[in-house]
Amino acid sequence: MKPSNVLRLYRVRLRARWAQECLAIIGIAAGVALLFASQVSSTSLQGSVDQLTHGIEGDAKLQLLSRDPHGFAQSTLARVRSVSGVRAAAPILEAGASAHGPRGSASVELIGADESLASLHGSLVSNRSLAPFGGIGAVVLPAPLANKLGVVRFGQEVTLQLAGQTVQAPLYQVLGRRQIGALTASPVVLAPLSYAQEVTGLRGRVTRILVQPAPGAQARVRAALTRIAAGHINVESSDYDEQMFTRAAAVSNQSTALFSAISALVGFLFAFNAMLLTVPARRRLIADLRRDGYTPATVLTVMLLDAIGLGAIGCVLGLAL
Amino acid sequence: MLELRELVKHYPAVGGESVRAVDGVSLEVEAGEMVALYGPSGSGKTTLLLMIATLLAPTSGAVLIGGRDVSSLSEREASAFRLTELGFIRQSFDLLPGVSTIDNALLKLLKAKRWRAAQREVTPLLERLGLGDRLHHRAETLSMGERQRVMIARALSTRPSLLLADEPTGSLDTQRGREVLELLRGLCREQGVAVVLVSHDPMASRYADRIYSLRDGRLSRYRAEPVADFQVAPV
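Those sequence lines, one after another, are chains A and B.
Take 3 as the starting number for the first sequence in our numbering and just add one per residue.
Take -4 as the starting number for the second sequence in our numbering and just add one per residue.
No wet-lab data here; the hints were simulated from the structure.
Owing to the predicted nature of the structure, the values given are computational and were not obtained by experimental measurement.
Yeah, the Cβ is synthetic: ideal placement off N, Cα and C, and Gly gets one too.
Treat the hints with care, as some may be off.
Stated by the list, open to error - Reference listing, derived: stretches of chain A covered by chain B, where coverage requires no fewer than 3 residues with Cβ under 8 angstroms from a Cβ of chain B: (1) 16 to 27; (2) 53 to 59.
As the list claims (entries may be wrong) - The calculated label-pair distances, taken between Cβ atoms and stated as ranges, are: (3) A26/B - A266/A: 58 to 66 angstroms; (4) L9/A - R154/B: 43 to 51 angstroms; (5) Y6/B - L9/A: 34 to 42 angstroms; (6) W20/A - A26/B: 41 to 49 angstroms; (7) D64/B - L279/A: 29 to 37 angstroms; (8) A75/B - R285/A: 19 to 27 angstroms; (9) P119/B - A263/A: 55 to 63 angstroms; (10) L279/A - E185/B: 38 to 46 angstroms; (11) R285/A - A26/B: 28 to 36 angstroms; (12) G125/B - R17/A: 21 to 29 angstroms; (13) L9/A - E(-2)/B: 40 to 48 angstroms; (14) R17/A - G37/B: 32 to 40 angstroms.
The whole structure should be built from the sequences, with the hints applied where relevant.
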C-alpha cells in the first residue's frame, strides 16, 4: 500500500474512533508524565549538589576537610602550599545561615573564600575576582536569592543569622546566569574569607582547603596531605560531597525507582485499557486487509502507524504535562 | 475457471482424533457460472471457501484457478492472487465502522492507486449498485442491504475472475436478500465472473446455475425442488 494511502487510511479510521484514541493517548500521556516527573525530581536534586560542588571546587582534585563546623587552623594552608606538586590551594570557610531581607528569608550556605579560589577556575568565582571587596564586609548573592530576599541594590543590607548572632552585611554584587550559569539556583552567600571568619566567630580558621595537584602528582600530594592532617583532618577527593549525597540519597533513589515503575505500570494499564476498546475494530481491519489480499507486512505497517501515532502524541502530551 | 480436486481439510480435535471439515470435495465452475453451496451450519462451507481463497491450506487436494494450483502459492503470491484475481464477499457487518461508503469500497484498490484515483474508479461501480447518492454516508448509517452492496462493490473493484460469497444474504430480509442475489447473478453473467456462493438460505438456489449440498464435509448435487417449497424464515 502506498505510504500516503496508509496515512489516509489511518486518518479516516481515526475520525470514526477518536474517543477511544483520545482515551489511549491520555493513558499514555499520564504514564509518561508520572514517569518523567519522578525522574526529574530525583535527578534535579543530585544535579543541584553536583553543580554547587563543581562550581566551588573547579579544578581541585583533593581537599583537606574539617571534621566539625569549627574547622581547623588557617595556618595549615601555608604547609599545604609548600608541598611539592601542589599547583594551587584555596581556603574556604562554610557555615549554615539564615538570610533575611525586606521581601523574604531563606536558608543559605555562607561561603567565605579569598582570591586564590579563582585560581581553581570554579564557575562560581571564575569570572569574579574576590580581591576588590576583600577588605570590606560585604556579600555577593545569586540573582534568584537576591530577588527572593529583596536585596538587589549595591549597599543594601542583608541580615544573616548564624553562629548565635545576627549581622547586617551590605550587598556588593548580584550574580546572574550570564556570570555563573546554572549556579544561580544555588542558595549561597559569597563573602570574603576574613569577613566570613569574623561573622562566624571563627577567626583564623577554615573548614576546608581545596587542592589542585600538578598532573601526575595526585598520589604524592595526597600522601603529603595525609601527613599534614596527622589524623585530625580528613583528606578526601574533591567530589567527596557528591559521593556523600549519592550515598545518602540511595534510599530515596530506590523509592523513586519504585515510584517510576509504579507510574509506568499505571500508565501502561491506562493505555492498555483504552487500547482494548479499539481491539475489535483493529482485528476486523486486519482480517479485512488479509482477506482482500494485503500482505502481513502491509498490515504490520498499518498497525505500526497506529502505534507510532498514539505513542508519539501520548509521549509529547505527557512531557508537556 | 475454478477446479477443486479431492480437497480435504482435517482439524485436530480433543482426544487425538481429527474432524474432517471438508472431505474429498471435487468441483468445477466455469466463467460466468454461479454455483451455490447449500448446507447447514458446521457443514464445512466456510472452510471450503477459505481454502479456495488461499486463506487456509488444505490437508490434501488442490485448488486450481485457470489451471494454476493456488493452494501451493507462497504467502506473497497468495496475497497478490487474493488482491487481483479474487473477490470475497463477507457479511455486511464487516464494513469499517465510521468510514464512508466510498472509502469502504475502495479498500482493495489502495495497493496500486492513490486514494483519489481509487475513489474515481470505484464510484461508477457504486452508482451501478444503486449507491450513487450514498457515497459519503458512514457505514453505520446504511441499511443492511446497502452495506451488502458496498461489500459487493469492494469485492468487484479489482475486476476479479472469481467471486466468493460467504452467506451474502445472512443478515438481510427476504426482499433485500433477493435483490443482492439478483445483482450477483447479473454481474456474474455480464462480466463473466465465476461465482461460488455459500449459504444456508434456500432462496440462494433460485439464482444459481448449479446447486450443491455440503453435509459433513461431503459435496453432493442438490436435488432440485420447487422454489415455493422452501420455507424462508424472516430475519
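Checked hints:
With 3 residues carrying a beta carbon less than 8 angstroms from a beta carbon of chain B, the region 16 to 27 of chain A meets the three-residue requirement, and the given coverage holds. Counting residues of the region 53 to 59 of chain A whose C-beta lies closer than 8 angstroms to any C-beta of chain B gives 0; at least three are required, and the coverage claim is violated. Between A26/B and A266/A, the C-beta spacing of about 59 angstroms keeps the proposed range 58 to 66 angstroms intact. Evaluation of the 43 to 51 angstroms hint for L9/A and R154/B yields a failure: the beta carbon distance comes to about 27 angstroms.
Separation of Y6/B from L9/A is about 40 angstroms and conforms to the stated range, judged on CB atoms against 34 to 42 angstroms. Checked against the hint of 41 to 49 angstroms, the C-beta distance between W20/A and A26/B comes to roughly 45 angstroms, which is consistent with it. Evaluation of the 29 to 37 angstroms hint for D64/B and L279/A yields a failure: the beta carbon distance comes to about 43 angstroms. Take A75/B and R285/A: their Cβ atoms lie about 24 angstroms apart, and the range 19 to 27 angstroms holds.
For the pair P119/B and A263/A, the supplied restraint of 55 to 63 angstroms holds, since their beta-carbon distance comes to about 58 angstroms. At roughly 43 angstroms, the beta-carbon separation of L279/A and E185/B lies within the given 38 to 46 angstroms, and the hint holds. At roughly 35 angstroms, the beta-carbon separation of R285/A and A26/B lies within the given 28 to 36 angstroms, and the hint holds. Taken as a hint, the range 21 to 29 angstroms holds for the pair G125/B and R17/A, whose Cβ atoms sit roughly 25 angstroms apart.
For the hinted restraint 40 to 48 angstroms between L9/A and E(-2)/B, the CB-CB distance of approximately 41 angstroms keeps it satisfied. Hint check: R17/A to G37/B, Cβ distance near 39 angstroms, so the stated range 32 to 40 angstroms holds.
Violated hints, listed in ascending order, are 2, 4, 7; each of the other numbered hints is respected by the structure.
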